[in-house]
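Sequence order for the protein chains is U, P and F. Sequential numbering of the first sequence, starting at 2, is according to this note's numbering. Sequential numbering of the second sequence, starting at 606, is according to this note's numbering. Sequential numbering of the third sequence, starting at 12, is according to this note's numbering.
Keep in mind that the hints were calculated from the coordinates and are not lab data. Please note that a few of the clues may not be correct.
What the hints assert, rightly or not - Straight-line alpha carbon distances no greater than 30 Å define the calculated DSS-like cross-link-like pairs of lysine-lysine that follow:
#1 Lys366/U with Lys309/U
#2 Lys697/P with Lys883/P
#3 Lys955/P with Lys322/F
#4 Lys119/U with Lys220/F
#5 Lys382/U with Lys883/P
#6 Lys361/U with Lys119/U
#7 Lys688/P with Lys129/F
#8 Lys955/P with Lys220/F
#9 Lys183/U with Lys309/U
#10 Lys183/U with Lys287/F
#11 Lys955/P with Lys94/F
#12 Lys366/U with Lys883/P
#13 Lys94/F with Lys46/F
As the list claims (entries may be wrong) - Residues from chain F that keep clear of chain P, each with C-beta distances beyond 10 Å, as calculated:
#14 Leu22
#15 Ser73
#16 Trp88
#17 Asp93
#18 Arg98
#19 Arg138
#20 Leu140
#21 Thr185
#22 Ala186
#23 Ile217
#24 Asp232
#25 Ser344
#26 Leu352
We put the beta carbon where it would ideally sit given N, CA and C, even for glycine.
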Amino acid sequence: MSDKITDWDPSTPILQIENLSISFFTRMREIPAVMDFSCTVRAGEAMGLVGESGCGKSTVALAVMRDLGKNGRITGGRILFKSRDLTTMSDEELRHIRGSEIAMIYQEPMASLNPAMKIGAQLAEVPMIHEGMAKADAWALARQIVADVRLPDPDRIINSYPHQLSGGQQQRIVIAMALMSKPALLILDEPTTALDVTVEAGIVDLVKDLGEKYGTSMLFISHNLGLVMDVCDRICVMYSGEAVETGNVTEVFDEMRHPYTQALFRSIPLPGADKNSRPLISIPGNFPLPHERPPGCNFGPRCDYFEKGRCDAADVAMDEVPGGDRHGTRCLKWREIDWTAPPAARVAKEKTPIGKVVLKMDDLKKYYSVSSGAFGGGNKKVVKANETLSFEAHEGETLAIVGESGCGKSTFAKVLMGLETATSGSIMLFDENVQSTPIQKRNTDTVSRVQMVFQNPFDTLNPSMNVGRQIIRALEIFKYGNSDQERHNRMLELLDLVKLPRAFADRMPRQLSGGQKQRVGIARAFAGGAKVVVADEPVSALDVSVQAAVTDLLMDIQRENKTTLLFISHDLSIVRYLSDRVLVMYLGHVVETGTTDQVFAPPYHPYTEALLSAVPIADTHVTRQRIVLEGDIPSALNPPPGCPFQTRCRWKSQVPDGLCDREMPPMRDVGGGHQIKCHLSAEILARMEPVIKVAAE
Amino acid sequence: MDALSWGSILAHSVARFLPVWIAMAVTFALSVRYKRRLGLYGKLYDSPVGMVGFGIVLFWICTAIFADLIITQDPLKVLSGMKNALPGSPAKGVAEDAYQYYLLGGDNGARDVFSRMVMGAREVLIIAPAATLFAFMVGITLGLPAGYFGGRLDTVLSFIANLVLAFPVILLFYLLVTPEIVQIGIPTYMAAVLFLFPILFVVVLFNSRYFMVPARRNLYVGIVLVIGFWAYAGLAFDADPTGLWHMDPNLLNVFVSVVFVNSPGVFRIVRGMVMDIKARDYVAAGQTRGEGPWYIMLWEILPNARGPLIVDFCLRIGYTTILLGTLGFFGLGVSPESPNWGSTINAGRKLLNLFPHPALVPAFALMLLVLGLNLLADGLREESLKD
Amino acid sequence: MFPFVLRRLGLMLLTAFVLTFAVFCLTNLQPNLEKLARSEGSVRMSDDAIASWIVNNGHGGSMLNRYGEWLGVVPGWVRTDDKGVTRGRCIADGSDPAQAATYCGILQGNWGFSTFAKVPVTTVLGRSLGHTGWLMLAVMLVMVPTSLFLGVLSGMREGSRTDRVLSTLAIVTTATPEYVSGVIFVALLASATVGVSPHLNEWGWISDKTLFQGTATSAMDDITWRNFTLPVMTIALYGIGYIARMTRASMTEVMTQQYIRTARLKGVSFRQVVMKHALRNALIAPFTVIMLQFPWLLNGVVIVETLFNYKGFGWTLVQAAGNNDINLLLACSVVAVFVVLVTQLISDVGYVFLNPRIRLA
């Protein structure tokens, strides 16, 4: 017994979506989520589906699985899988296809595994359902596939529960589960978004290799253009429920024929972009809500090439680009646009002068003691969240702090803000020593001069207080002005500063988009004329087109106020774009520091090298050296002895006597203030090659 | 004069509730008309369950308000010959211009069941919401710091809360609501402590908000303190010179016991919600601009916990209604005269086999009120989740 | 796991001490003792006589000391009166004072004498707990499977017609306290004049006058369908609604989890999704709820036993309180508190045990 479809001609596409329309039905109205969507995936092909959040890319994936929930319905079109129409299949027929012919991998690995079932049981279930395999055989197969996804000690893993594995391991299990029945089509919905970049790199490699090994076709959904370039052969760009451009990856990346694709590429920080000489160009306006889409071309209102009376006249159909490899665009004017012209709106900006030192951290340490085990009691353990952190930040400078989860960057922010006090070391803020002064004891002046911009736009504003009130509260607490009127006026000015309409003062946060909320957060941080602003991943939760706008805003305010910006991020592209100096952290240690140019060029700390290699870059001219780190980031609760990075370091063998296992390397200056915490000898460091090479155009 | 048929009993009863129907119709018409502007309350009208629940609750609220217009007889008056009279019996010996029937019959004490039921609604709807409100004040004032600061404070407060929760309610009532307890003055001491919390809550609320503007802060806090302590003196110590605030010692006993029993539950909910919400970035934003802990608890955290708290408030009024009925059922803390639903059920159950109506009428009334509150809570929960 | 249980046990003992002390204080208030003096001595005692009666019968002295005596960690009082008769806490009437034990509190198994039942407290308590045990057993057997089944059934397809009907029913039952449902049941099913029984009797469907009996007194000797159904149903009804709602909430939450979608998209049939993937996760929360239901069940027991005149634990508690029987009331409280605490412990430990996420962390 097997659920495989056998009567299928392999020369026809595996998956063919024709004019698919999907709507969600609420009590109020019908909300069209996807309109007139077509795409084809051939055998062995990997198709990337990209777009910003809300563009309908995940909805397409769920429609292929026929799992749209209670409210979602396919209102038109066909989905042919191996020449069979999925839209008309019965639940029973679908059940045979799901898991055996089409498998899906999701964003949150922890959430997609059953917490109360052993890994092995969850894996073995698949062949037992679809192929009627005996339990013992199924478990044996599970063990083999677990080994296939390069997990160590498969016997232990199949007998564990999901929570006993790390995030990266869980995602490998989800992939293993998808491969249990050797499906013909694999749908991956943002499979690495929840993971750290170095872990992501490993998963991406695995997916690519397995795709080739098993000849599986893939539908890869992502918002990250770089990732799509790494994984896919073909790409389909979506905007507001429609496919706007489709073709093979090189063609779309190098010769895009849709204004949205072009705008998207101009708004992401690729190598060569620079905040002063070549700033990013954000896409004006906002993503339209599903029930507020404009007539005609959906992108029209935000498009540089918009022509009234033509672009908003009627729905635009997909148009084939002649001479391309099945390249299509949904633009009326694509033949008229000069695609090679440089962007008009790009204005080079002046570089901010770097001033005196405003913040100096010296040998800062922050330890936590936590009790281990869920039942309390047990031994107290010390978590060294920050170890010997020393740096200086100057007026008007952007200092980036880079690292993955658990590296201690958030703890550092808390200590600086005074939400936690340091265990030892000193923090000099404007010649005032604040390391052991909690925020309640700091004076208003100090507090208002050091402020923070938070990561999650949906969390940064109090949902039950209107925007104006929240900013006014900050003004009140910073003792600005003498009357309510004065503060109200200042609040309106602050809204101007972050380029929000003044009418927003009366809005509630839920009426704002993510980018707008983040702007309010910035306005609030600058209410007291902040001199030092800690921005904790301020744009990582935003869509790419909005990211550019918010980053630009931060830069503009910085220029005006000569603010020192401490930019905490895991995203090296954006760091290279906007920072003057970089601090790379790993497990509480600063492993490398220097100017942006120094850090992004050899010699590297081995971790920086891996990090650089792991970040996908959406540019076909860039070649990257692939360095995939083994395993996951160790827990801060239980750090390895010696060098913190030694467990994953590919250079470890170059250091004699197992020094890395035993001793913490010293911080060494390799020239011009560029410091690296590594045992590697100067010769070896000098031999390092650049990870990223940009081919001459 | 003949007894009324079941149909005319129904017709007469419906007619008696005329003021209630008018009030309900007006409320519903206005609310549906302006429901988009009324926030969560307006959204209630999108949920059939919530609307039915609210309708029932509104019915009882209006009944309590208009009770004097609705009752047909004096609920305490005994008419000879009307003992256990069947529903619809003509009232014997009433004045010419008075109402001529015992609509839902007479009880074992020959009093009018219908009027007692209506008056019982008034009694319940004054005590239950008020006691629940006080329990919320106590639970919130203690739950906020316990959840926010955690540590030893939380350990101690949670231990105390669990102590009270580990007590079977009925046992607690048998120990707390007795004449001996009143005699020794324990209710007064408890009231002295419990009634302080609302004042404390409002004072801290205003102080944390306006401490940068001392003039306004002093005004608000001053008003609260004057009114608060006036009511406090009257309610807890019966020492209000004007006599406006007063509570009967037995009632005070019942009231503080019910508040005491309910507070730990509120405490636990608030504590849990605070622990959840305090990890949000807007709380951190408040901290990084140097807000005091009480501002963050009361103005940043509490408003965002309101959804579940409102739902729990409705459920808890229902629960309190059941508790008050239980007290009445065991004859604790109430005079046998009072039209309290619980004690009426208890009085009626002795002859349940022969004359079920004296017990069934208040039983259904109580059930309907609690059902309405539960449905309302369910509707509110459903709608608040949709946001 | 072990230190966790140990810590919980320690906390439980501390709670038990605090609670029993509170109960001891509340039952041994001065007015209660005066009342006791009047009922044991004479109604027309003078105030002085009452005061000396209290002291002479070991109710004087500090509350803490008396609590210690009652608990059995402080030596019981011994007093020799003017006539040279030595009496004491541990000295039975007519026995030799010299041979009496020093400590005789509940730790030594001495629960005192019930002034109301005129027998030792242990006798009354044992008998009544036996009766209540049967009642609780029947309630549990009805309530737990029914409520879990209904909860899972309505939670597995949220918003379906079954769900709506069952949810509404659950809300109705939780809005019906035992004293209301009991009264309605009796009027409806156990009255010879109203409700269904007269009709059934007329049609010859039942030979007795009523379908069920409105009192459960006879169930103390012989439990039958007729005398036990109503009390059991009355207690179970409220609990069924409550637990079913909890189960439903837990089940609907689990059904929206991503791993359920994973299972569905693996090709697992709906039946198997519910049975294999959802059920175990969904039943963790209701388990604790069922255990924490005991304080409320105790309420139900007291009401129902009073309503149906079934002389179990609840009935005894009411009588003890109503008749100022201090020893009996104390004993009832101790039992009640311990039942609650033990179920809380089971609930905590069980939650951890059922949840691999916590158990293996």
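Tell me the hint numbers this structure goes against, listed in increasing order. 1, 2, 4, 6, 7, 9, 11, 14, 21, 22, 25, 26
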